[in-house]
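Enquirer: What follows is each chain in one-letter form.
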Amino acid sequence: MKRWIGVVLAVVLAGVAAVAIVIGNQGDGAPQATVVRGVIGSEKKPFFDDPEVKAAFARHGLRVEVDTAGSRQIVTDVDLSRYAFAFPSSVPAAERIKRDRGAAVTYSPFYSPMAVATFEPIAELLTKAGVLSDSGKGHQTFDIKKYLDLVAKGTRWDEIPDNSSYKARKRVLLTTTDIRTSNSAAMYLSAIGYVANGEDVISSAGQIAKIAPVLAPAVLDQGFSESTSEASFDDYLALGAGKTPMLVVYEAQYLAHVFAGDGAIKPGMRLVYPSPTVLSKHTVVPLSGDGDRVGKLLTEDHELQALAARYGFRTTDPQAFAGLVAKTKAPAAADLVDVVEPPTYERLDQLITTIDAARP
Amino acid sequence: MRLRGGLAAVLVPALLLTAGCGGTEEAADGPDVLRVLAGSEIKDLEPLLERAGSEAGVTVRLTYTGTLDGADQVASGRADGNLDATWFSSNRYLSLIDGAPAKLSTQTKIMVSPVVLGLKPAKAAELGWDRRQVSWADIATAAEDGRFSFGMTNPASSNSGFSALVGVAAALSDADGALSAEQVATVTPRLKEFFSAQRLTAGSSGWLADAYARDPSVDGMVNYESVLLGAREPLTLVHPSDGVVSADYPLTLLASAPEEKKVLYGKLAAWLRTPAVQKEIMTGTHRRPIVGGVPLDARFGAGQLIELPFPNRRGTADELIATYLNQVRVPAQATFVLDTSGSMKGERITALRQALVALTGADSSASGAFTRFSNRESVTMIPFSGSPRRPVPFTVPERAPEQVLAEIRRYAEGLTALGGTAIYDSLRAAYGRPVTSGRYGSIVLMTDGENTNGSDYAGFESYYRSLPQDSRRVPTFVVLFGESDVEEMRKVAELTGGAVFDARETSLTSAFKEIRGYQ
Chain A
1 MKRWIGVVLA
11 VVLAGVAAVA
21 IVIGNQGDGA
31 PQATVVRGVI
41 GSEKKPFFDD
51 PEVKAAFARH
61 GLRVEVDTAG
71 SRQIVTDVDL
81 SRYAFAFPSS
91 VPAAERIKRD
101 RGAAVTYSPF
111 YSPMAVATFE
121 PIAELLTKAG
131 VLSDSGKGHQ
141 TFDIKKYLDL
151 VAKGTRWDEI
161 PDNSSYKARK
171 RVLLTTTDIR
181 TSNSAAMYLS
191 AIGYVANGED
201 VISSAGQIAK
211 IAPVLAPAVL
221 DQGFSESTSE
231 ASFDDYLALG
241 AGKTPMLVVY
251 EAQYLAHVFA
261 GDGAIKPGMR
271 LVYPSPTVLS
281 KHTVVPLSGD
291 GDRVGKLLTE
301 DHELQALAAR
311 YGFRTTDPQA
321 FAGLVAKTKA
331 PAAADLVDVV
341 EPPTYERLDQ
351 LITTIDAARP
Chain B
1001 MRLRGGLAAV
1011 LVPALLLTAG
1021 CGGTEEAADG
1031 PDVLRVLAGS
1041 EIKDLEPLLE
1051 RAGSEAGVTV
1061 RLTYTGTLDG
1071 ADQVASGRAD
1081 GNLDATWFSS
1091 NRYLSLIDGA
1101 PAKLSTQTKI
1111 MVSPVVLGLK
1121 PAKAAELGWD
1131 RRQVSWADIA
1141 TAAEDGRFSF
1151 GMTNPASSNS
1161 GFSALVGVAA
1171 ALSDADGALS
1181 AEQVATVTPR
1191 LKEFFSAQRL
1201 TAGSSGWLAD
1211 AYARDPSVDG
1221 MVNYESVLLG
1231 AREPLTLVHP
1241 SDGVVSADYP
1251 LTLLASAPEE
1261 KKVLYGKLAA
1271 WLRTPAVQKE
1281 IMTGTHRRPI
1291 VGGVPLDARF
1301 GAGQLIELPF
1311 PNRRGTADEL
1321 IATYLNQVRV
1331 PAQATFVLDT
1341 SGSMKGERIT
1351 ALRQALVALT
1361 GADSSASGAF
1371 TRFSNRESVT
1381 MIPFSGSPRR
1391 PVPFTVPERA
1401 PEQVLAEIRR
1411 YAEGLTALGG
1421 TAIYDSLRAA
1431 YGRPVTSGRY
1441 GSIVLMTDGE
1451 NTNGSDYAGF
1461 ESYYRSLPQD
1471 SRRVPTFVVL
1481 FGESDVEEMR
1491 KVAELTGGAV
1501 FDARETSLTS
1511 AFKEIRGYQ
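Chains A and B, in that order, are what the protein sequence lines are.
Quick note on numbering: the working numbering labels position 296 of the first sequence as 296, and the sequence is numbered without any gaps.
Counting the second sequence from 1 gives a position; the working numbering is that position plus 1000.
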């Protein structure tokens, strides 16, 4: 139950400070704690809600209160003057905020590679279709190029030979969140965009015009998509392959459950890694002195780093994450070599807008 | 949202719907009160939600409304300020409306129920569907051959009907991805086959279940799995092999909610997702839990349920609903018995004119667009005062409906108020008209006062009971307005299998719009 995100607060706020003070007085032994308010991507909310995380900040005299918003919303819609820091889920969004707000530095205290959550019978079909293979390094690799070939051909699940386990008429399509609102979908778009662009980071409007029609079916033909990565992961965990045969996730979403041993990850569920993949680098943009302290603490405080690892994030200290993986025998990739950079915020935004306009 | 007790079960869902609809009535507030705009589907959770007070520290105040009407309220911003959250069976249609996503903050899925077919066990056995997997195409073929009949809610007013329509269209179109507006046109002939077997319609899934229970000639229902599993007479559930569309009941915080309400929202959502409450939802309301750790009961079946893609463009969704109403469904035969007695003078007759004009295409809201008189529909007006006046029939053509809609509009604008009130003679006149086979008949009775002329309720009741079976199947939807005799109006609705709609605290327009879901 750790990961549910219902306590998430909205973007548009009224009376923020007053409430923050009320909450700020709940006994943490540091009555004079400074309230620091940030706006963050929803997947980090359970981390900030954790009492141990709150206690760790309190030991440094801080009470950190967060509201959530999609990374694109943080850039475009959120009134950042209300906040001491922004904590979007990707570097391009953070760089854009840094530029807009004239921030001096950014901190990237933890990151999570984009991964694919699937199921054993689906993994077998993907292997038959040549999309999935053993990396030889203990994890399975999801080949984006071969996948895009299947998408281009419009292959349906029931067309894969010797398929007796998943005879759905649906096309073989990764489920993603809504590219217009959710960072995880944008990160995925970066990876498939890189491949469609001839193994190169998208850097021009001309490239976008060329690849948008290729990428549009991969994201739009799946139909309605959820607005947050937590909602689609709910579907994966509770409804299984019938609804979500394979889902683009943050590695951390899946591993947090494995590390917690809460039983949500059932036998038959599989975590595999796209090749290439993109790292979602959660990046703090300080907007005030207190915000800067939060960024610094998240990056340098051993306790906070260890707590972040418990939520499945990879931190600057690889030992914490590696220790949890070893302890829980988690299916985490030890060594991801095929990692590509996302395009700049403006290019990615342009790609999203172009794809979204591809269907009236 | 407690109702006055002692009502016949058949009336309850509709009454609840009207009770809080229209958004004019502000839910009572308090420091621990979360004001939630909800679909009537979640009414069965009320006993559980009462415990949220002691167990989660949240008092839940529910205001019920229809799916599309609720979407209107949220998208237009009318919900801002007097409501904190929404709880519909799905946010999908709402999310497709321009500007609506910005009105929504956190969404937390609470439970799941797929929309499937439930059949009387004997009928399922006769068709062999209790023993083997069938697809929607198999079901459509049997429907076209007249081998079974079913009831389904109106897709424009209820999520279960909309989900079923999306599912059936996706399956019958043989589409391998999200349906496009063009594909809707291609699949229309197949949809006609499937829906030729529809014998019951309704504005809400709960009312549909009640209407089904009282009509032994209907073989089954397309409804939420939860409703079908909870039906009084057991049903055999058919989960089509090619897939379904499921409701996921997202408890959704409105972006406009004040800070303290956000905290309440968080508490309620967390509590609803605790394993104990999830298990209780499953056992008590037959819905599937959303939390992975709660094992599924055996009655949900072991088979894998494939979820069909849902459109991601509002144009497709709207095209699908419009196609259903104007081309696919069994056309309606709607009779309006309208009080134009002297007491209707002034504002009241103006309100009646407006309510009728709104149904001629004048209402451009999301819910209004689908409440206009549909193509192929026959509409008969029987205004009355001291006696019923001559019935005035209209038939909206299959194509280019504008001219007839304009005629209805002119007719409505010409209504005048004068004279006494002969309710039952007029209702009798409506029931005396022949029933056209191949049409779905219903009567709307709107009166603002007591019966002053002609036969009384008892006289009408004995007349009704003497009618042939096919005339008795026509329900009367009564509209409470002005000084209506509430008890007698309820009796009329109960006798005929209709429902009561209260326009006294909302408006005639909203009551008429809501009734459209039942016609």
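Incorrect hints may appear among the rest.
[Stated by the list, open to error] Reference excerpt, derived from the structure (chain B facing chain A, CB under 8 Å, subset only):
#, residue
1, D1176
2, Q1354
3, V1357
[To be verified] Below, a list of computed lysine-lysine pairs in the BS3-like style, where the Cα atoms sit at most 27 Å apart:
#, chain 1, residue 1, chain 2, residue 2
4, A, K329, A, K266
5, A, K137, A, K266
6, A, K266, B, K1279
7, A, K128, A, K266
8, A, K145, A, K54
9, A, K54, B, K1192
[Claimed, not checked] Anything over 10 Å on all C-beta distances counts as not near chain B; from chain A, calculated:
#, residue
10, R101
11, V258
12, E303
13, G323
Hints in this document: simulated from the structure, not taken from any laboratory.
None of these values were measured; they are calculated from a predicted model.
Even glycine gets a Cβ: it sits at the ideal position worked out from N, Cα and C.
Enquirer: Are all C-beta atoms of chain B more than 10 Å from that of V258/A?
Expert: holds (13 Å)
Enquirer: Would the hint on V1357/B be counted as holding, given a Cβ-Cβ threshold of 8 Å to chain A?
Expert: violated (32 Å)
Enquirer: So if I understand the rule, the pair passes when the alpha-carbon distance is 27 Å or less; does K128/A with K266/A pass?
Expert: holds (23 Å)
Enquirer: Are D1176/B and chain A close enough, Cβ to Cβ, to be under 8 Å, as the hint says?
Expert: holds (5 Å)
Enquirer: Checking the smallest CB distance to chain B, is E303/A really beyond 10 Å?
Expert: holds (25 Å)
Enquirer: Beyond 10 Å from every chain B Cβ: check whether that's true for R101/A.
Expert: Non-interface label on R101/A holds, nearest chain B Cβ at 22 Å vs cutoff 10 Å.
Enquirer: Does K266/A lie within 27 Å of K137/A when you go C-alpha to C-alpha?
Expert: holds (23 Å)
Enquirer: Are Q1354/B and chain A close enough, Cβ to Cβ, to be under 8 Å, as the hint says?
Expert: violated (34 Å)
Enquirer: Taken at face value, is the distance from the CA of K1279/B to the CA of K266/A at most 27 Å?
Expert: The given pair, whose Cα atoms are some 18 Å apart, holds under the 27 Å limit.
Enquirer: For a C-alpha distance cap of 27 Å, please report whether K145/A and K54/A respect it.
Expert: Not OK: K145/A and K54/A at ~43 Å, beyond 27 Å, violated.
Enquirer: Holds or violated: K54/A and K1192/B, Cα atoms, limit 27 Å.
Expert: The given pair, whose Cα atoms are some 59 Å apart, is violated under the 27 Å limit.
Enquirer: Assess, step by step, whether the Cα of K329/A is no farther than 27 Å from the Cα of K266/A, and give holds or violated.
Expert: Given that 27 Å is the threshold and the Cα spacing comes to 14 Å, the pair holds.
Consistency note: the structure conflicts with the earlier hints numbered 2, 3, 8 and 9.
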